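Peer 1: Starting from the known structure of chain A, arrange chain B on it as the hints suggest.
Protein chains: 2
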Amino acid sequence: MTAALLDTLRQTVGAAHVLTEGDLSAWEQDWRRRQRGRALAVVRPGSTAEVAAVVRACAAAGTPLVPQGGNTGLSVGSTPDDSGTQVVLSLTRLNRVRAIDADNLSMTVEAGCILQAVQQAAAQAGLLFPLSLAAEGSCTIGGNLATNAGGTQVLRYGNARELCLGLELVTPQGDLWDGLSGLRKDNTGYDLRNLLIGSEGTLGVITAATLKLFPQPVARLTAWAAVPSMQAAVQLLALAHRHLGAGLTGFEAMGQFALSLVVRHMPQLRVPFAGMEGAPWCVLLENSDSESEEHARARFEHLMELAFEDGCVLDAVVAESIAQARELWHVRESIPLAQAQEGLNIKHDISVAASRIPAFIAHTDALLAREVPGARLVTFGHLGDGNLHYNVQAPEGGDAAAFLREQEPRVNALVYDAVAQHGGSFSAEHGVGTLKAETLVRYKSPVALGMMRAVKQALDPHGLLNPGCVLLKQ
Amino acid sequence: MTAALLDTLRQTVGAAHVLTEGDLSAWEQDWRRRQRGRALAVVRPGSTAEVAAVVRACAAAGTPLVPQGGNTGLSVGSTPDDSGTQVVLSLTRLNRVRAIDADNLSMTVEAGCILQAVQQAAAQAGLLFPLSLAAEGSCTIGGNLATNAGGTQVLRYGNARELCLGLELVTPQGDLWDGLSGLRKDNTGYDLRNLLIGSEGTLGVITAATLKLFPQPVARLTAWAAVPSMQAAVQLLALAHRHLGAGLTGFEAMGQFALSLVVRHMPQLRVPFAGMEGAPWCVLLENSDSESEEHARARFEHLMELAFEDGCVLDAVVAESIAQARELWHVRESIPLAQAQEGLNIKHDISVAASRIPAFIAHTDALLAREVPGARLVTFGHLGDGNLHYNVQAPEGGDAAAFLREQEPRVNALVYDAVAQHGGSFSAEHGVGTLKAETLVRYKSPVALGMMRAVKQALDPHGLLNPGCVLLKQ
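These protein sequences, in sequence, are chains A and B.
Just so it is clear: in the first sequence, position 71 is 71 by the UniProt record's numbering, and no numbers are missing.
Just so it is clear: in the second sequence, position 316 is 316 by the UniProt record's numbering, and no numbers are missing.
With the rest of the complex left out, here is chain A (with noise of 0.2 Å):
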């Protein structure tokens, strides 16, 4: 039986493309390393037609798959389990750009090209595909939209779903549905293009893409700014909105514990503001400009002034080049890494609206300094969406390893019933993959459950795609 399902895979991409032996771990372990699974085969079409007969023929089989593009997901939804008997269908080999239509503002591409390479495509092009994140050389822009992937720029772009047109999908059953579209306005019928986008490859599998586009900004710049409490932060949003209008693309906040360890673990980076006194946070904002690099400037400065005046800036600094853009943006995508350095820690990508933003942390941080002594809180992220990195480090010098093994269960629980007393999410951009499939039972309402099982029941009735994936098996 699964002899001649392989025999039927490898006449389907030709036998180089169907892998069962030497190391898989690329495939078979997922990005964070929490779980390592053991797949039947890694199966790599190269063209949509290709995509359709293997999905054909494993439904035929009774075969599981679980589809992947560059397995860079946070939550395991993308490697097989342990079973041995699910089949890892691998997107990467679909890589072209199909077409770029400039008066339309729009790209189609294919599921497996790399996130980088469609920015790089538009931008030859002269236009912007706006959709940023610390994978974009690893990750494909299929798993962007399986997952409806987040990043830095969602305050004025959106989420990887804002950014797409329409879809080319292969159903459960193995058809095929060219719904790729370059379409704004399209009101017929039910919308199945945002039913897959973030699905998670449970509900199809995404083979191509129409993409928004955008014009270039003429100028991007970058501010700094120390505020003294995450009140003022929000007040400076606001603020920011009001002044800036769509030329505000960013707005991150970082607290000091979090810069701290940047000081810490990267000496050679400058740290502007690093604990500086009555200044708990730290906010990086960007503006992007379609006029020139002084109107921007000029803009960002009298912001400044009027934030000073308000009293929810103590100081600020506007970077006078691009390379002192970049390395502002560089101290805050360090701070991962200046963790990771600093020990194993907790982990949680949360969403509250911004306007309870400053009640949940007091309202947290309390709870985890009564609840788990010592803990330390690296709270940094994308405060323009209302998410934040909520992360949870050992006590200095304690056992980390030690720490997660006994703490994590209870850290998850007092963090997300705070985030849900808030009215907040658990999963504000990682998705929900195999690792937050029972948090997901716990915090969603079980009548919106109940919706999303019958379609998946509807759509995927012997449940091949992805088992155990955003829903537990049943």
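Worth flagging that the hints you see were computed from the coordinates, not collected in a lab.
Predicted model, so just to flag it, every value in this text is computed and none were measured.
Incorrect hints may appear among the rest.
[Stated by the list, open to error] Just a few of them, taken from the derived set where beta-carbon distance is under 8 Å, the chain B residues facing chain A:
id, residue
1, N104
2, N159
3, E162
4, L195
5, V234
6, A353
7, V455
8, Q457
Glycine is no exception: its CB is placed at the ideal position from the N, C-alpha and C atoms.
Peer 2: Only chain B this time, still in chain A's reference frame:
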């Protein structure tokens, strides 16, 4: 059986809110008077809990429900059929603005709020809710979301879909899901919000929504340009995107014949460049600025200079006052009325990628000239979104009623086939309703239709919510 249901409904919402007698045409007849149905009753619940109880009672009795907001839809999607067995579920009594969260740029409103009231509540808080369309004084936000309404600001702010952060809804079984959320990022499972938005009351009843707000622009400027061809209009669009960035909030195209109907039937209106030699199209542009009117004007004038140099604009005026800007918009918005005064006509609400619109128009204009001699084309719409109202007026002096009777199905087939050939949509913003349910079957991929039917069957297995709308009864 029916009497028992009516009793239950009267006990649930109060006898005064269960209408069975007298003139019910406001609920039974669609906006464009295409069809007149007959309801078993019109039920007007006053709260979400009452909506849920009404749905449960009807589900228990096996009685179909037709959800209805302002009943201003253009595709006959919110009125009962003529069987006298369907209950109209009117949401208009759910009309509270529940909350405005300025720091989070969001507001939560009930489904029955009139769109204009939503806009005004946002404006009173100093903020902008940008959804804007002709029926805004009568339509409800619940209906806007159920149909994914478009309108004049989509270019910058998106359709109703993009303006919604969360929904409260009642399932076909009468269960309540509180999915209200002010979150910009939430990747916890399938996108039920977008599945419901645009489902036209067939998958659940929207009872409230959290909406995105934006800073109010400081200035809004309007310009009117005469262009030498549709290709030039598309070129101007690209130029405007590049030079105004997110400031470009409106881009409407109008054919000279459409404008000539305004000149003929509304002689009091001044129509710039009406009938101008060599200028088959006029374009209305809107520039919203977060800085100042002077700045907006300078940017606009710069754009127009470039457009003259490029040859894509022959002549242009920039409104000198708000009153003048209103006048220009008023000309644009008077086209449908002028057209109605000219006589009956065949309306289309189609979209094509902006880049393909010149070819689509050249092809389809020639086709209709050949196949339907004398037919006059009233073409206008949201070119920035690729959305045109490509309407067909009876030949000058002919019998319009006879023309419609004899030609409508044939004209629709010619236009929709051409749209399909150019990769477009037969319903850009008006939805499917019952009017275009057969058209959906003709033009939608069978794979996509199969997925839609599976989703409908999964969520509403007894087909009780708005039967025959979007999907034909099986």
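Peer 1: If a hint holds in the structure, say so; if it doesn't, say that too.
Peer 2: Hint-by-hint comparison with the structure:
1. Hint on B:N104 holds. Least Cβ distance to chain A is approximately 4 Å, under the 8 Å limit.
2. At a threshold of 8 Å, the smallest CB-CB gap from B:N159 to chain A is about 6 Å, leaving the interface hint in force.
3. Interface restraint check: B:E162 against chain A, minimum CB-CB distance 6 Å, threshold 8 Å, status holds.
4. A least Cβ separation of about 5 Å between B:L195 and chain A falls short of the 8 Å threshold, and the interface hint therefore holds.
5. Given hint, B:V234 at the interface with chain A, holds; its Cβ is 6 Å from that chain's nearest Cβ, closer than 8 Å.
6. This hint holds: B:A353 has a C-beta 4 Å from the nearest C-beta of chain A, less than the 8 Å allowed.
7. The interface hint given for B:V455 holds, since its Cβ lies 6 Å from the closest Cβ of chain A, which is under the 8 Å cut-off.
8. With its C-beta approaching chain A no nearer than about 6 Å, B:Q457 sits inside the 8 Å limit, and its interface hint holds.
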